[in-house]
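Asker: The residues making up each chain are set out below.
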Amino acid sequence: MSTRTAPPAAITVAGLGKRFAAGGAPVLDDVTLTIGSGEFVCLLGASGCGKSTLLNIIAGLERPTSGTVEVASGNAAVMFQESALLPWLTARRNVELALELRGVRRDRRRNEALALLDVVNLADAAEKRPHELSGGMRQRVALARALAQDRQVLLMDEPFAALDAITRDLLHEQLELVWRQTGRTIVFVTHNVREAARLGQRVLLMSSRPGRIVNEWRIDDTGPRRIESPEVATLAIEITDQLRKELRRNAA
Amino acid sequence: MPPEVIAQRDPELDARGRTDLRTLEAGLDALQTGDVSSRSGVRRILGGVVPPVILVIVLLLAWQLYTVVAHPRPDLAPGPLDVLGSFGSAWTSGRLPVAVLTSLQRGVLGFLIAVAIGTPLGLLLAEVRWLRRALGPLISGLQVLPSVAWVPAAILWFGLTDATVYFVVLMGAVPSITNGLVSGVEQVPPQLRRVGTVLGASRLQLATRVILPAALPGYLAGLKQGWAFSWRSLMAAEIITVGGTIGFGLGSMLQQSRELADLAAVLTTIITILAIGIIVELLAFAPVERRLLRRRGLLVATAVGR
Ligand SMILES: Nc1ncnc2c1ncn2[C@@H]1O[C@H](COP(=O)(O)OP(=O)(O)OP(=O)(O)O)[C@@H](O)[C@H]1O
Ligand SMILES: [Mg+2]
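Taken in sequence, the protein lines are chains U and E.
First residue of the first sequence: 79, per my numbering; consecutive thereafter.
First residue of the second sequence: 4, per my numbering; consecutive thereafter.
No wet-lab data here; the hints were simulated from the structure.
Given the structure is predicted, the values throughout are model-derived calculations rather than measurements.
Quick reminder that beta carbons are idealized off the backbone N, C-alpha and C, glycines included.
There's no promise every hint is true.
What the simulated footprint calls covered on chain E by chain U, stretch by stretch (three residues with Cβ under 8 Å from a Cβ of chain U suffice, anywhere in the stretch; the number is not a length) [unchecked claim]:
#1 24-36
#2 200-210
#3 213-223
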């Protein structure tokens, strides 16, 4: 894949700053990054360093105090840690709602929703309501709903953090498959180093107070890699060392 | 690079990975979703009906036993059979049916008017923050004020007419309904609003597709309380305001029976008022509420049965 030159930018963040209270300490300071179209980027950082804030600003849910954010495709789809499914709708209707709000015609919604649920292997659970599904299944419905938005960029805020390791492992595989099949640009926030090393093509490390991008790793994409593999472990050790350096700097 | 190219890198490997993942996920899903067996409807209804019916029968037997054994003065402590007789004669004479019909009609109409007023008011308060700050405490206060307190004022304003009765009913029910809706909207998880925004909902779509459905349990609780307050306020108003163009309702009948010192008729009326309250609750609100909560997984284990 050496012929692959830098893809066009999907997300451009320049000089981004954010403080919640006027005059308070900045949560984000001078964050500058470019994410290429079709890239899978993991954003890693200690708890409270501003990962969610950055993601929410990119999603347009929050305004930056300074700097600019540009999402080339216009809008982004978002997935949260809690599936945030509407509890009174079945899995299918949750996906259909996203289609409806996107403007898909009524007579096409049902089939499209079922097709999307099939992508996450949940066609059989289409008529179940969220409370009848396990946490992992709910997140897969949420993934199908995010795909239903049909946006080039998919922002994910610790989407698998609340799941058990076995379920999470399968969801990693699922997400990777979806990414490879749909060519979406994915920004995946996590504080799990191995998860980042397992999934990302690029891992960005954020510092705390103020939140900045302090380090970056590019991982050659040689196809799916397993979370137990030595490559992932080696990278995870390297990233963890950097993370600890950051933490020590904060203590000083 | 267009996405298709990525997808077609190694179709064979992808396909194999896909089927394997499918099997794994199906296995995990089967493990994680327990079989939620719900008991049959008939058994559930029987389970809900039988205990209270048995309790009522036991109470009636005890009451009858007391009258047989202790021989109290029948004008001060009529037995169940006396009350039953009084009920029969009130029914056949046509007084009771007329009173039930009059009161029920007023109660339902008054409640519907209260819904028509309380709902838009609640929406307005939920949406406009400064209005909620200003009016919220007043409406909560009105909920505490017994609506009977309005009867004298209403009589002075509207005289002995139906308007007086409806006014009192509205003052009883509207605050509950409004408050229920406002607190229902307040309790909508912020996460759901954010999801609506992310999905691209307009303000109106956000309200109709996300916030209102999410607020439904709170609204329903408000409606239930609103009905209870309507019915209570109506009885209070009917007891106090007799005469004029006001028709003959259950409250009027209660008052009349008291004047005649007919305790059996008084008890007949009280039991009728109570029964109507229970029947409306059981037939109108309980099924809707049960369905609503069950759909959202909020009805975990019904208290009925083991
Ligand atoms: N709405 C808000 N008002 C004030 N402060 C906020 C707000 N949201 C976040 N913060 C603060 O900004 C900082 C960064 O928060 P953020 O949620 O972005 O962190 P995070 O990296 O996502 O953490 P976690 O890993 O715990 O999710 C925290 O110190 C938090 O207290
Ligand atoms: Mg966060």
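Asker: Determine for every hint whether it applies to the structure shown.
Answerer: Comparing the hints with the structure gives:
1. Only residues whose C-beta sits within less than 8 Å of a C-beta in chain U count toward coverage, and the segment 24-36 of chain E has 9 of them, enough to reach three; the restraint holds.
2. Evaluation of the coverage hint for the segment 200-210 of chain E: fulfilled, as 6 residues show C-beta separations to chain U shorter than 8 Å, against a requirement of three.
3. For a cut-off of 8 Å, the count of residues in the segment 213-223 of chain E with a CB near a CB of chain U stands at 4, and the three-residue condition holds.
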